[in-house]
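Top to bottom, those sequences are chains A and B. The first sequence begins at 0 in numbering that gives the first Met the number 0 and counts up one residue at a time. The second sequence begins at 0 in numbering that gives the first Met the number 0 and counts up one residue at a time.
Calculated from the structure, these hints are not laboratory results. Bear in mind that the values here come from a model prediction, so they are computed numbers and not experimental data. The beta carbon of each residue, even a glycine, is placed where N, CA and C say it ideally should be. Hints may contain errors.
[Claimed, not checked] Which stretches of chain A does chain B cover? Using the computed rule of at least three CB atoms under 8 Å from a CB of chain B, they are: (1) 137–145; (2) 317–323.
[What the hints assert, rightly or not] Partial pick of chain A residues on the chain B-facing surface, computed with a CB cut under 8 Å: (3) 96; (4) 121; (5) 273; (6) 276.
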Amino acid sequence: MKTETEVVGEATDSPLPSIEPPVIEVTSAAPVVEHVLKMQNVTKQFGKNEPVVKDLSFEVARGQIFCLLGPSGSGKSTTMRILTGTYQPTEGKSTVFGVVSHRMNQTLRERLSYMPQQFVLFPELSVYQNINFMASVYGMSWFSRRPYIREALELVELWDARRKLASQLSGGMRRRLALACALVHQPELIFMDEPTAGIDPVLRARFWEHFEAMRDKGLTIFVTTQYVTEADYCDMVAILNQGRLLALGTPEEIRQQVTGGEIIDLTLNEVTRPIVQILREVPGVLKTKRVSDESIRLTVTNSGESLPQIVSALQQNEVEIVSITPYRPTFDEIFVQLMEQDPVEAKS
Amino acid sequence: MWIVKAFIRVLAFIRKELLGVLRQPRLILGLLVGPFLIMVIFGLTYEGTVKYNTILVVPDRADVSTNPADYHEFSKQAFKLNIISKNENQAINSLNLGEADVVIVVKENSLDEIYAGRNADFPTYYRNMNPVQANYIEYSSYVYASELNKVILREILAANKPNPQQSRDLVTRMQDSTNSLDKAMQQGNQAEARIHVQTSLALNEAARRSLDSLLIPGNGKSQPTQQKIMPINPLQNSTNQARADLDNSEKNLKGLEQGFNQGDTNSAQQRTRLEGVKQSNTALGQKLDKLSNIPAGVMVEPIRAAATNLVNSKIGYLNFFGPAVIILLIQHLAVTLLALSNVRDRQLGVLEIYRIAPVRPVQILFGKILSFSVLLVVLGAILIGLINQLLGIPFVSLETRWPLALLVVAVTVYASVGLGVLIAGVARTESQAVQWSMILLLASIFFTGFILPLSQFSPYLQYFSYLLPMTFGAASLQQVMLDNLPLDFTLLAIPLATGTVYLLAGLFLYRRQFVKLSKT
Numbered sequence: 000m001k002t003e004t005e006v007v008g009e010a011t012d013s014p015l016p017s018i019e020p021p022v023i024e025v026t027s028a029a030p031v032v033e034h035v036l037k038m039q040n041v042t043k044q045f046g047k048n049e050p051v052v053k054d055l056s057f058e059v060a061r062g063q064i065f066c067l068l069g070p071s072g073s074g075k076s077t078t079m080r081i082l083t084g085t086y087q088p089t090e091g092k093s094t095v096f097g098v099v100s101h102r103m104n105q106t107l108r109e110r111l112s113y114m115p116q117q118f119v120l121f122p123e124l125s126v127y128q129n130i131n132f133m134a135s136v137y138g139m140s141w142f143s144r145r146p147y148i149r150e151a152l153e154l155v156e157l158w159d160a161r162r163k164l165a166s167q168l169s170g171g172m173r174r175r176l177a178l179a180c181a182l183v184h185q186p187e188l189i190f191m192d193e194p195t196a197g198i199d200p201v202l203r204a205r206f207w208e209h210f211e212a213m214r215d216k217g218l219t220i221f222v223t224t225q226y227v228t229e230a231d232y233c234d235m236v237a238i239l240n241q242g243r244l245l246a247l248g249t250p251e252e253i254r255q256q257v258t259g260g261e262i263i264d265l266t267l268n269e270v271t272r273p274i275v276q277i278l279r280e281v282p283g284v285l286k287t288k289r290v291s292d293e294s295i296r297l298t299v300t301n302s303g304e305s306l307p308q309i310v311s312a313l314q315q316n317e318v319e320i321v322s323i324t325p326y327r328p329t330f331d332e333i334f335v336q337l338m339e340q341d342p343v344e345a346k347s
Numbered sequence: 000m001w002i003v004k005a006f007i008r009v010l011a012f013i014r015k016e017l018l019g020v021l022r023q024p025r026l027i028l029g030l031l032v033g034p035f036l037i038m039v040i041f042g043l044t045y046e047g048t049v050k051y052n053t054i055l056v057v058p059d060r061a062d063v064s065t066n067p068a069d070y071h072e073f074s075k076q077a078f079k080l081n082i083i084s085k086n087e088n089q090a091i092n093s094l095n096l097g098e099a100d101v102v103i104v105v106k107e108n109s110l111d112e113i114y115a116g117r118n119a120d121f122p123t124y125y126r127n128m129n130p131v132q133a134n135y136i137e138y139s140s141y142v143y144a145s146e147l148n149k150v151i152l153r154e155i156l157a158a159n160k161p162n163p164q165q166s167r168d169l170v171t172r173m174q175d176s177t178n179s180l181d182k183a184m185q186q187g188n189q190a191e192a193r194i195h196v197q198t199s200l201a202l203n204e205a206a207r208r209s210l211d212s213l214l215i216p217g218n219g220k221s222q223p224t225q226q227k228i229m230p231i232n233p234l235q236n237s238t239n240q241a242r243a244d245l246d247n248s249e250k251n252l253k254g255l256e257q258g259f260n261q262g263d264t265n266s267a268q269q270r271t272r273l274e275g276v277k278q279s280n281t282a283l284g285q286k287l288d289k290l291s292n293i294p295a296g297v298m299v300e301p302i303r304a305a306a307t308n309l310v311n312s313k314i315g316y317l318n319f320f321g322p323a324v325i326i327l328l329i330q331h332l333a334v335t336l337l338a339l340s341n342v343r344d345r346q347l348g349v350l351e352i353y354r355i356a357p358v359r360p361v362q363i364l365f366g367k368i369l370s371f372s373v374l375l376v377v378l379g380a381i382l383i384g385l386i387n388q389l390l391g392i393p394f395v396s397l398e399t400r401w402p403l404a405l406l407v408v409a410v411t412v413y414a415s416v417g418l419g420v421l422i423a424g425v426a427r428t429e430s431q432a433v434q435w436s437m438i439l440l441l442a443s444i445f446f447t448g449f450i451l452p453l454s455q456f457s458p459y460l461q462y463f464s465y466l467l468p469m470t471f472g473a474a475s476l477q478q479v480m481l482d483n484l485p486l487d488f489t490l491l492a493i494p495l496a497t498g499t500v501y502l503l504a505g506l507f508l509y510r511r512q513f514v515k516l517s518k519t
């Protein structure tokens, strides 16, 4: 995949270079991509209130982990409910497997699954009875469901706890049970509403291992999250704020959209104005930012091409280089940057 | 294929709901033991008859006893005479302090009032806010006064009515007079015969007056009310027959007198008349004997109610309330379980999972209804068995009528579950669902004939009672268990119909919750 962004580079005081609101163009590198989910200019408004989601458009390809990222109240759950057919869009069109979401029939619904944010299974039933119930709801016969139940429980490491009542499970185990319940009928597409919310980082990492394993088996995963760092686990990320799409692409593409290119941290004996000027004149250097008296951060179009020229330019001017390190901003930083640059956010 | 999947989905809900209940041993214990224990306690402690602690205030005279033992025979009905007092104010003060329930005052001048041609009042005081108890006390005081009146009348009649010996003496004198008449006629002594005819006529008149004074039904000239319900058969009425005997005797005696006037003392015609007098006397003697043998108690209370209950089991409070309590419990549980289950689904957010899953609202409801129905019918059967075997509440023709009892329970469960679905459609929270089911419980206690007979309410309320499954369920189960008349199937048809309406309305509301989500 390739993302093209236009960035005007200038040194700023912010930790990351400033950019214009992103102009996003996503094109798939794959020759034929089957889109499992598609949203076209979807707006959802409740009564006469402000629209909760506005003019959303994106596609999710089969076998992808698609992450909808955004702060609380950004419209993630509403978007998911539109996709699952629970809500009908006020404007636009949402399709699942090519069928309008709120018109999905039972056969189509058997191909998807949903894992809500809260644990909503039945505390008075055991782990096994809960998953057995969900398998039956999806129409799996008594004989056929048994191996799948075992497989799902083993995947989430709950097979040994299958006789425990759901009410006796810890928060993490409940989440894993909910995940197993969502997986038991072997769906092709699974919607997960903030599946890792409120669980510890170790378990969160294991959840993402599960999701990646599921993705590797061909399952399409549509997940919402508030944890910005989780975006790095995903194949595609859409960032929402106040119901609007701020960014869409692979995590790396979004990074580049936000930073405007690749970043290099340069440490010298002293960073002076003439040195900054020398660096700005190197081809491929888009932005410079003086971080301290000894270090400067450069945004370049391509570090592989620009780095030799930077070294050469500095050596020609007899500037001693202490160290050169590539800098990869965290998604937290990317997210904060995006939020800060959102004109609507700035206004509010 | 879709039928198999639909079946699997319905089974999923049946299994889930049943497991949910069976996983809660305390709930099962509560369902089974709770109502049974309540009935055991009721059966062991309820005495049925009410006895009010009563103070009898008697006239303040030296010859009047204040020992309660002396008034043993007056301690009847609902009044238990604990204290005999001569101070009315003190007795009423005790009533106000809650030391007594009732005070009955016998006035000093009661007899004077009667002699003065007025009714003597026995004031009865009580302090009770319960209208049922108040009515009962007033009714009991009325019965008490009636009983006292009977005692007085009995004693008066016993003292004044002609006794059998007097009747026999009168008839003997009439027969003696007739025999003397016969003798005088045979001797041709017309003058003496005339005297005996006059004597016999006088005795006849005495007998007639004695008959007229008898206070027994059928002896009055104008008794239209009595005539309506107890028409007098002239051939069987003793007083009328006795009068007929007297008429015959008088007619023959006057015939004899006319014969004497025409100089005929002992002709065949005169002998025939004399024979008629003798026969009348004999017949009269028999009738007077019979009438004078009527006891004073019968005269005072000529008609006594002889009620016979044709129900084929022993009537008792526990027997009556036992089946009704089971139905009340089943209705309450069905409504509460179903309503709470649906509302909880919504509050937990499971509804959203169901909305996305390939399951239809009707499959969810059908599964829930079936599971709770099975559970409650089994519960009903166990409770019926328990109250029958352990509490001794009868089940006539158990061997043949148990399927009917199960049918009644099943129909009640069906209608109640329908009501539960409807409530679940209306209630937004668990508290609202509980509130609705409690209101329904209260309505079922008051407006279904459970405690107060429906006939005591206006027709509008009776129509309302038809909406409650308990109205028909309780009546039907009582009919099945306590009597062996054929079950009135209209008692089942109405809850079946109302239950179907509730279910359809509830299903409509449930489906709307699903659809509403997408249209919000």
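Structure-based check of all given hints:
1. 137–145: holds (count 5)
2. 317–323: violated (count 0)
3. 96: This interface hint is violated because 13 Å lies over the 8 Å limit.
4. 121: holds (6 Å)
5. 273: violated (63 Å)
6. 276: This interface hint is violated because 59 Å lies over the 8 Å limit.
Figure legend: structure checked against the earlier numbered hints; hints not met, in rising order: 2, 3, 5, 6.
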